[in-house]
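Undergrad: What follows is each chain in one-letter form.
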Amino acid sequence: MHRWLHRLSLVLCCTALVACAPWLAPASPSQPRSIELSEVPFFPQAKYQCGPAALATVLNFSGLDVDSETLESAVYLPKREGSLQAELLAASRRHERIPYRIPGTLDALQQELLAGNPVLIMQNLGIDVLPRWHYAVVVGYQAEHNSWVLRSGTKQRSIESAASFWRRWSKAGNWALVTKPAGELAATVEPRAALQALADVESMLSAQQAQRAWEAALLRWPEEADLQFATANARRRRGLIADAAALYRQLIKQQPDHLAAHNNYADLLLEAGCPYQAELTLNAALEYENSTALMSATLHKTAEEVQAALQQKPAETDCPIN
Amino acid sequence: MYTARAIMLFKALILICATTFSTAQAAVISTSEYIVNETQSSHLSNVERLLARDDVQQQLVAMGVSPEEALARVAALSPSELQLLSQRAQEMPAGSGVLGLIGAVFVVLLVLELVGVTNVFNSI
Chain A
1 MHRWLHRLSL VLCCTALVAC APWLAPASPS QPRSIELSEV PFFPQAKYQC
51 GPAALATVLN FSGLDVDSET LESAVYLPKR EGSLQAELLA ASRRHERIPY
101 RIPGTLDALQ QELLAGNPVL IMQNLGIDVL PRWHYAVVVG YQAEHNSWVL
151 RSGTKQRSIE SAASFWRRWS KAGNWALVTK PAGELAATVE PRAALQALAD
201 VESMLSAQQA QRAWEAALLR WPEEADLQFA TANARRRRGL IADAAALYRQ
251 LIKQQPDHLA AHNNYADLLL EAGCPYQAEL TLNAALEYEN STALMSATLH
301 KTAEEVQAAL QQKPAETDCP IN
Chain B
1 MYTARAIMLF KALILICATT FSTAQAAVIS TSEYIVNETQ SSHLSNVERL
51 LARDDVQQQL VAMGVSPEEA LARVAALSPS ELQLLSQRAQ EMPAGSGVLG
101 LIGAVFVVLL VLELVGVTNV FNSI
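Line by line, the protein sequences give chains A and B. So the first sequence is numbered by full-length UniProt numbering: it starts at 1 and just counts up by one. So the second sequence is numbered by full-length UniProt numbering: it starts at 1 and just counts up by one.
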């Protein structure tokens with residue numbers, strides 16, 4: 001009877017441990033190293049204004065001169081008495097800084113700090129049923145104490161133990177953000193996340209900035225087809241026609257069923273006065289049956305334009321950029 | 001009520017015309033169009049996207065943002081963010097910190113703080 005009780009209590013203890021596991025989970029980065037970015041500025045938050053304050057912190061660090069009062073009008077929602085995550089991303093874009101979502105791991109946090117990037121995070125200071133959402137900026141890690149250093153609220157150097165830090169962060173979905181100027185990437189951002197971040201910011205950037213941003217991503221992931229496509233588009237938008245053409249060709253060779261690349265390359269050739277070469281590219285694309293209705297419609301639209309150009313220019317000529 | 005509906009219908013009509021004509025113009029596929037159409041699970045038409053933008057703008061105004069600023073704010077949101085906000089802006093987490101915490105929430109969190117479940121007030 002005693003042994004049975006003993007076993008039962010053991011099982012209960014294990015269950016309790018597992019139940020608490022998400023809180024305890026990764027206690028520290030896999031290779032703990034102390035780091036603190038002490039030059040990161042501090043903007044103490046006014047009432048409910050942790051969003052503008054945290055955003056001002058990372059934007060100023062990236063070289064902008066913008067205070068939290070200015071950002072308030074871009075992110076604060078008076079009736080919600082707070083700021084939404086999506087609006088922090090949007091406000092960063094409006095200041096021509098690219099907001100990269102990074103993986104929600106302690107290793108990624110430490111890696112960003114070691115690369116010199118403060119990380120804007122969301123925390124839940126309350127409990128699940130009674131959340132109290134908060135934004136703060138991680139600026140350091142102390143390996144000897146296993147604790148994190150944050151610019152948070154009205155504290156310039158808020159020091160949080162690993163357990164407390166993890167609980168608050170994981171209760172807010174491990175949301176983390178690094179903002180960088182065009183041409184620079186976050187250290188730990190994954191290729192799909194970078195593609196999304198750049199596509200979302202592009203309309204806010206000049207043609208020159210946009211191209212610089214895409215080229216930097218392509219340099220890190222030269223094999224990513226969609227980054228090649230986006231960079232070729234950005235080169236063309238800047239008027240670098242030959243460079244754009246070369247990249248479209250490289251992409252089509254590497255991935256012959258990238259129909260959008262065929263389409264845009266054909267359009268470029270058409271504009272450059274090469275309708276014959278454009279027709280060849282399009283014919284290759286129209287043979288694929290994996291296209292969506294929208295893609296198919298666009299390809300046919302481009303083909304019509306090519307046919308119209310061919311009728312005006314019946315003799316085949318050499319194309320300067322092919 | 002009827003005027004509101006009529007305005008809505010009118011807007012939708014304008015949007016449909018605008019998007020129909022815009023697709024008839026250029027045959028180049030922009031990167032953002034490509035990403036939205038090829039890689040995202042939710043496929044929204046141009047009209048739906050513009051309606052979502054309009055809707056989010058109105059919600060921002062309802063939450064206390066000036067109409068001009070709301071316009072600038074939605075312009076910087078991505079298509080998927082617009083869609084998400086148009087559906088769930090009211091219940092999405094709004095980060096505010098713990099300053100100015102009052103009433104019942106304050107009392108509950110204070111009790112939790114005293115018994116050691118949270119340490120909210122440590123971060124003020």
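Among these hints, one or two may not hold up.
[Said to hold, decoys possible] With a straight-line Cα cutoff of 20 Å, these simulated DMTMM-like cross-link-like pairs (lysine to aspartate or glutamate) come out:
{"id": "1", "chain 1": "A", "residue 1": "Lys-155", "chain 2": "B", "residue 2": "Glu-113"}
{"id": "2", "chain 1": "A", "residue 1": "Lys-79", "chain 2": "B", "residue 2": "Glu-113"}
{"id": "3", "chain 1": "A", "residue 1": "Lys-313", "chain 2": "A", "residue 2": "Glu-287"}
{"id": "4", "chain 1": "A", "residue 1": "Lys-253", "chain 2": "A", "residue 2": "Asp-243"}
Don't read these hints as lab results, they were simulated from the structure. Computed from a predicted structure; not experimentally measured.
Undergrad: Given the hinted pair A/Lys-79 and B/Glu-113, is their alpha-carbon gap at most 20 Å?
TA: It is violated: about 27 Å lies between the C-alpha atoms, which goes past 20 Å.
Undergrad: Between A/Lys-313 and A/Glu-287, does the CA-CA distance stay at or below 20 Å?
TA: 25 Å, violated
Undergrad: Measure nothing beyond the straight line between the CA atoms of A/Lys-253 and A/Asp-243; if it is 20 Å or shorter, mark the hint as holding.
TA: 16 Å, holds
Undergrad: Hinted pair, alpha-carbon criterion (20 Å max): A/Lys-155, B/Glu-113. Please report holds or violated.
TA: Roughly 19 Å between the alpha carbons, so the hint for A/Lys-155 and B/Glu-113 holds.
Hints 2 and 3 from the list above are not met by this structure, while the remaining hints are.
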